[in-house]
Each structure stands twice: as structure tokens, then as C-alpha cells.
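Q: Place chain R on chain A using the hints.
Protein chains: 2
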Amino acid sequence: MAVYTHVEPEQLEKFLKHYDIGHAMSFKGLVEGVENSNYFLATEKGEFILTLYEQRVKLGDLPFFMTLLEHLGAKGFPCPPPVRNRDGQGFASLAERPAALFPFLRGVSTNNPNIRHCRQVGATMAQMHLACDDFPKPWRSNSMGAQSWHFLFAQCRDSVEDISSGLTEEIIQILAAVDAEWPQDLPRGICHADLFSDNVLFADDHIGGVIDFYFACEEFFIYDLAVAINAWSISPFGSFYYSNSHALIAGYQKHRTITAAERNVFILMLRASALRFLLTRLFDWINPPKDAVVKRKDPMEYVRALRFHLKQDSPTFYGFE
Amino acid sequence: MAVYTHVEPEQLEKFLKHYDIGHAMSFKGLVEGVENSNYFLATEKGEFILTLYEQRVKLGDLPFFMTLLEHLGAKGFPCPPPVRNRDGQGFASLAERPAALFPFLRGVSTNNPNIRHCRQVGATMAQMHLACDDFPKPWRSNSMGAQSWHFLFAQCRDSVEDISSGLTEEIIQILAAVDAEWPQDLPRGICHADLFSDNVLFADDHIGGVIDFYFACEEFFIYDLAVAINAWSISPFGSFYYSNSHALIAGYQKHRTITAAERNVFILMLRASALRFLLTRLFDWINPPKDAVVKRKDPMEYVRALRFHLKQDSPTFYGFE
Numbered sequence: 474m475a476v477y478t479h480v481e482p483e484q485l486e487k488f489l490k491h492y493d494i495g496h497a498m499s500f501k502g503l504v505e506g507v508e509n510s511n512y513f514l515a516t517e518k519g520e521f522i523l524t525l526y527e528q529r530v531k532l533g534d535l536p537f538f539m540t541l542l543e544h545l546g547a548k549g550f551p552c553p554p555p556v557r558n559r560d561g562q563g564f565a566s567l568a569e570r571p572a573a574l575f576p577f578l579r580g581v582s583t584n585n586p587n588i589r590h591c592r593q594v595g596a597t598m599a600q601m602h603l604a605c606d607d608f609p610k611p612w613r614s615n616s617m618g619a620q621s622w623h624f625l626f627a628q629c630r631d632s633v634e635d636i637s638s639g640l641t642e643e644i645i646q647i648l649a650a651v652d653a654e655w656p657q658d659l660p661r662g663i664c665h666a667d668l669f670s671d672n673v674l675f676a677d678d679h680i681g682g683v684i685d686f687y688f689a690c691e692e693f694f695i696y697d698l699a700v701a702i703n704a705w706s707i708s709p710f711g712s713f714y715y716s717n718s719h720a721l722i723a724g725y726q727k728h729r730t731i732t733a734a735e736r737n738v739f740i741l742m743l744r745a746s747a748l749r750f751l752l753t754r755l756f757d758w759i760n761p762p763k764d765a766v767v768k769r770k771d772p773m774e775y776v777r778a779l780r781f782h783l784k785q786d787s788p789t790f791y792g793f794e
Numbered sequence: 474m475a476v477y478t479h480v481e482p483e484q485l486e487k488f489l490k491h492y493d494i495g496h497a498m499s500f501k502g503l504v505e506g507v508e509n510s511n512y513f514l515a516t517e518k519g520e521f522i523l524t525l526y527e528q529r530v531k532l533g534d535l536p537f538f539m540t541l542l543e544h545l546g547a548k549g550f551p552c553p554p555p556v557r558n559r560d561g562q563g564f565a566s567l568a569e570r571p572a573a574l575f576p577f578l579r580g581v582s583t584n585n586p587n588i589r590h591c592r593q594v595g596a597t598m599a600q601m602h603l604a605c606d607d608f609p610k611p612w613r614s615n616s617m618g619a620q621s622w623h624f625l626f627a628q629c630r631d632s633v634e635d636i637s638s639g640l641t642e643e644i645i646q647i648l649a650a651v652d653a654e655w656p657q658d659l660p661r662g663i664c665h666a667d668l669f670s671d672n673v674l675f676a677d678d679h680i681g682g683v684i685d686f687y688f689a690c691e692e693f694f695i696y697d698l699a700v701a702i703n704a705w706s707i708s709p710f711g712s713f714y715y716s717n718s719h720a721l722i723a724g725y726q727k728h729r730t731i732t733a734a735e736r737n738v739f740i741l742m743l744r745a746s747a748l749r750f751l752l753t754r755l756f757d758w759i760n761p762p763k764d765a766v767v768k769r770k771d772p773m774e775y776v777r778a779l780r781f782h783l784k785q786d787s788p789t790f791y792g793f794e
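Same order as they appear, the protein sequences are chains A and R.
In this text, residue positions in the first sequence follow my numbering: the first is 474, and each later residue adds one.
In this text, residue positions in the second sequence follow my numbering: the first is 474, and each later residue adds one.
These aren't lab readings, by the way, just hints derived from the structure by calculation.
Computed from a predicted structure; not experimentally measured.
Certain hints may be false.
Here are some, though not all, of the chain A residues that point toward chain R, as calculated from beta-carbon distances under 7 Å [stated by the list, open to error]:
| no. | residue |
| --- | --- |
| 1 | Gly502 |
| 2 | Thr583 |
| 3 | Asn585 |
| 4 | Ala676 |
Keeping only pairs whose Cα atoms sit at most 25 Å apart, straight-line, the calculated DMTMM-like set for lysine to aspartate or glutamate is [what the hints assert, rightly or not]:
| no. | chain 1 | residue 1 | chain 2 | residue 2 |
| --- | --- | --- | --- | --- |
| 5 | A | Lys770 | R | Glu505 |
| 6 | R | Lys501 | R | Glu520 |
| 7 | R | Lys501 | A | Glu691 |
| 8 | R | Lys610 | R | Asp658 |
| 9 | A | Lys490 | R | Asp671 |
| 10 | A | Lys531 | A | Glu634 |
| 11 | A | Lys610 | A | Glu569 |
| 12 | R | Lys487 | A | Glu527 |
| 13 | A | Lys501 | R | Asp658 |
| 14 | R | Lys501 | A | Glu481 |
| 15 | A | Lys501 | R | Asp771 |
| 16 | R | Lys770 | A | Glu505 |
| 17 | A | Lys501 | R | Glu481 |
| 18 | A | Lys490 | R | Asp677 |
| 19 | A | Lys487 | R | Asp678 |
| 20 | A | Lys770 | R | Asp771 |
| 21 | A | Lys501 | R | Glu520 |
| 22 | R | Lys610 | R | Glu691 |
| 23 | R | Lys501 | R | Glu569 |
| 24 | A | Lys727 | A | Glu794 |
| 25 | R | Lys727 | R | Asp671 |
| 26 | A | Lys487 | R | Asp677 |
| 27 | R | Lys501 | A | Glu517 |
| 28 | R | Lys727 | R | Asp771 |
All C-beta atoms in this analysis are idealised placements derived from N, C-alpha and C, irrespective of residue type, glycine included.
Chain A on its own, in the form it takes in the complex (with noise of 0.2 Å):
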């Protein structure tokens, strides 16, 4: 994780007072979560992740997480909705910091993806977007849209070339394209934002859990699904896996149609949403967080990403029929 807070065993009892699911029986902090502190907590009444959120996510967008989870939850979709304590709240204080409590789902992530899962994957997101076209309004907005990446970029640029050379002018590009083609009217909705691997818990080859909302937000759904797509179907060396790719889409479209607009702009959105993981990475391999015990993602991970999809200029190539 990126930051870890400890907590003692003396303030995890007061805070569990606050609850109705017993002591604690073990409590084991995680190394996992880059944007907050994780613990697994057993108690007589069950297993549970408690969450301690750091300075990364804002406590004025954790309603709209949790609530979010219980939306989610009560649609039947995998994702474990937040334990409501004695007054009827989904977080409150430990150690200074809002934290939540959740049942631990079993499962494991992988890092060798098939098309099994992709396409599972696919279908879980068209779920997720469409469940929650009813959830309540307002929506959170993409802290991390297109109105960041100038700003990122701004931030690291001096850093850019050392990273890779040519990749200025590349960026360049790519911000050019997003500042003229980004579109204004597409199907939107509430989208995960960060649907990697490390984020889809699969027990017995099936998915158990979808975790780590923390970037949900209302944004384009064809941003969403070209996230996933970098995420599941390009390696780390650069390597694309079609089949991948195709199982991914197609697992989407059995839920939801993509519109002709969406296919248009869909080259557009594989580059741009290569850029936004490759600029925050660039900015966090700049500057490290203090205190952070979290290895750095490597940038050139997406760097490579990015340069595949500026080769491409048709959405067919990536598995649309």
C-alpha cells in the first residue's frame, strides 16, 4: 500500500464497540490498496476487510463510494457493500481517519488473464454500468478525466524525455486529439474507472468480487471499457492479446450494445485512457509518496500501450464484429 497506518489492538476494540459483529479474533494489516490502509479482521461473527482511508481519497466522495457498494450490493452485482455500524453509518474515525469495515470476499486475482475471464469481465462491467443508471444523483465527477492531463502533464513534462525519448512530442499528440475529438454526447454513466486485474477477485474461475471503487465516477462507458481493455489484453512488454480484447468486448456487448458513435471514438478512447495511467504513473514514479511502502508501477508499461494504439486506426482490429 501506499501509506499504512497502524492501529493497535486497544483502538480496534473501541472502534468495534461502534458495531454489532463482536471482537476481534485476528487482525492482520495487508499489503495491498494504493490509495488506503487494509486490515483482515476475523470476529465471531464473520471475516472483514476494515479500511482505513488515506489522504488520497477525499472524505467528501466516501458517501458516494458507499453508497455506491450498497446499490451495487442490493442488485446482486459482487461487490461487498459496507457494514452499517450502531448509528446506521457506513464509515466513522479509527487513528484519525474515516474507516469502513466489509465482509472479506474469497477469491483471487490473476495476472495471467485468459478469455474466460475477459469476457466475465466484460459482462461484469456492462452489469455495473447499467445497474446503476437509477443510482441517486449527484454522481462523482472524474477526478481523473480529460481536464486533468494537461495538468499532469504539465507537472512531469521536464521528466518526459528521460522516460522515453520522443515521448513528449507523442503526449503532445495524444492531448491535441483529446482537446479536438473529445466527444460531448455519448452513453454515460457511472463507471469503475480502474477495472485492472488486481481489482476482479476470481474463485473457481469465476468472478467472487469486484473491489477498490475508489476512482468510480460518471464518465463516458467506452472510456470504461477501453481502460479495461489496456488493463486485460496488453502486456506489460507491449504484446496485445486479441482473443483477449475480442472476449473482453463481446462479454460487454452481451449486456449492452455499443453504439455506432462509441466504436468511432473507441481508437480515441484506448489512447487516451492509455495516456491518463501512463501520466499518473509518470507523476507518482516522480514523486514518490513519503512513507510509501508501495512498489512504483512502472510508466513504460504504458508507454508501449500508448504507442501500440497510435499504430491502430480501426476499432475491428481490436474485436469488434
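A: The following block gives chain R in isolation, referenced to the frame of chain A:
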């Protein structure tokens, strides 16, 4: 933990093929263990801790640790014996490191020990001392024993006065006393040698597990007790809790009577064991391990403990009756 080895799900699946415990249903890296990397693992057959041994634990010592845990487990001592794999081995290779699986023990450690905790810790230590009596030799020698302290001191001597003025003289004084007065012949056997509160798990106020035997070695029993008195009855700020010390000694003596000869060296043992942890913490403070993600432990805690013991001259002060 000090060093963290990332295990990919695919590596884990391959490793688990050597065991008869089923497939991974949950797999989470844990923030604990100074000497190794630990994961929580759930399969159809149960819950486990997966430990990968980093460089601080010597490969040659692993058979001793593994058979010791089995020996103690077989006698009903609350420690987790390693799960043997299909080849009958207690450890195997994973991510280029020796790795072992243990049953996951319920229980939480306390950082606010009371006399009920201390009485049990004393009793459990005496039971361990007695239970190892028939453990097959050769026994692991104490790599952090008296003969190592001059060397450790030499490694950090230049920085000692920066930590606390006058500390160099105090250390020299204790090392001279150790050289002159260290006993040759006292009751000895296998000691835990690191029985801090993080290594004792309480479930419903009773000891549910003792963990982290990676300093276990042949040593004077009274030295092991002195380590525990430092750990359980002196606060990080140097306050002494007589009732905790008394309870720990009384708990111990319920199972094994401390001899007059042991009592006579008890003050020396307290000073010596405080020096041992002071020196290793100092060493780690000055030479933090690369890639370390652990918070260094403050050597000042043991400067305070040492100075406290330097002022005492009678074991009755600690609760001997």
C-alpha cells in the same frame, strides 16, 4: 515486514500442487514479520499463513525451526507446526526463496499487557522450556548471544553518543560485566529468545498462539525470562510495571522453579538482554536494510530499559518472592 517478496497467483498455484490443501481461494500479503514475507492464504481445506524466508533467516536453520514447531505442537504447545508437502517436507522453494505453510492461528497481540496476560506468558515460557527437554540435538546456538555483542557494538560505536550522551560508557560497563560474570553453568535448553508481545496471540484473553520462533536457540532459561521481563513489564518510555513483572515470574514458577544461582544473575541477565536489543536496534537504525518497508524500532526504548536496570541491584525488585 523488512523485505517483501511478491508472489504471483500463478507461482502460488504451482507451489500448492506440492501440497494436499486444495486451491487458493484467497491470497493476501501481510504487513508483518521482520525476518520474512507473510501471506494469508485460504483454500477449500482451511486457512494458512504462507511464509517466505528472506535473507535474514539462514536456510541451514530452517530444519531446526520446522522440527521444533512440530515437536512443540505434538506436545500441545500453542504454536503452528508447518504443513508437510507431498514429499514430506516442511518447506519448499517459492519465488526463489524457501517457503513454508502454517495453519492460520486466531488471536490478536496486545500492546497493553496486564497481569493476566503476563501470568500466561510466564507459564507458557516455562512450558516451552520443559517441553524442549527431549528435543533431538544438535540445538541451534544463539546467533544473537553474548559472544556477538562486542562485534555489534564495534559496528555502531561511532554513532552511539549521537543516540544518547553517556551511552558509550554504559555499554562498555555492561560488556565488561558480561565478560567477567557471564555464567558457565546454569539450567539451559531451547529458548524462544524473542518473546515480545507481537509474538503472542491472545484469543478470549487466553494464549491462542505463540509465533515467530526464528531466534529460537539453546540459551540459559533465565536469559529468556529476562528478555520477556523487558518486553512485557517495561513501557517504551521506560516505566516499569512491577505487577506485570511479578505476574510473569510467578506464572513461570508455576511450572519451573527458578534456582538460587539463576536468581543471583538475574540483574545481569536483565541488563544483558536489554543490551542485546539495544545493540540490534542500533545496528538496524544505523544500517537500515535496503528495500525495507518496516518502521525501524526505536533504540531509545532499550536505552531507557538499560538505564532502569542499571539502577536496580536486587531481583526482589522485579517480583521474586
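Q: Determine for every hint whether it applies to the structure shown.
A: Taking the hints in turn, this is what the structure says about them:
1. Gly502: holds, 3 Å
2. Thr583: holds, 6 Å
3. Asn585: holds, 5 Å
4. Ala676: Where the cut-off is 7 Å and the nearest Cβ of chain R is about 6 Å from A:Ala676, the hint holds.
5. A:Lys770 x R:Glu505: With a Cα-Cα distance of about 23 Å, the restraint between A:Lys770 and R:Glu505 holds, given a limit of 25 Å.
6. R:Lys501 x R:Glu520: holds, 12 Å
7. R:Lys501 x A:Glu691: Distance of about 30 Å is beyond 25 Å: violated.
8. R:Lys610 x R:Asp658: With a Cα-Cα distance of about 19 Å, the restraint between R:Lys610 and R:Asp658 holds, given a limit of 25 Å.
9. A:Lys490 x R:Asp671: The given pair, whose Cα atoms are some 23 Å apart, holds under the 25 Å limit.
10. A:Lys531 x A:Glu634: violated, 32 Å
11. A:Lys610 x A:Glu569: Judged against 25 Å, a Cα distance of about 29 Å means the pair is violated.
12. R:Lys487 x A:Glu527: violated, 35 Å
13. A:Lys501 x R:Asp658: violated, 41 Å
14. R:Lys501 x A:Glu481: holds, 20 Å
15. A:Lys501 x R:Asp771: OK: A:Lys501 and R:Asp771 at ~22 Å, within 25 Å.
16. R:Lys770 x A:Glu505: holds, 23 Å
17. A:Lys501 x R:Glu481: holds, 20 Å
18. A:Lys490 x R:Asp677: With Cα atoms ~16 Å apart, A:Lys490 and R:Asp677 stay inside 25 Å; holds.
19. A:Lys487 x R:Asp678: Given pair A:Lys487, R:Asp678 holds - Cα atoms ~16 Å apart, limit 25 Å.
20. A:Lys770 x R:Asp771: Status violated; Cα separation ~31 Å.
21. A:Lys501 x R:Glu520: holds, 13 Å
22. R:Lys610 x R:Glu691: Given that 25 Å is the threshold and the Cα spacing comes to 10 Å, the pair holds.
23. R:Lys501 x R:Glu569: holds, 19 Å
24. A:Lys727 x A:Glu794: holds, 13 Å
25. R:Lys727 x R:Asp671: With Cα atoms ~24 Å apart, R:Lys727 and R:Asp671 stay inside 25 Å; holds.
26. A:Lys487 x R:Asp677: Given pair A:Lys487, R:Asp677 holds - Cα atoms ~16 Å apart, limit 25 Å.
27. R:Lys501 x A:Glu517: Holds: R:Lys501 and A:Glu517 sit about 21 Å apart, inside 25 Å.
28. R:Lys727 x R:Asp771: violated, 34 Å
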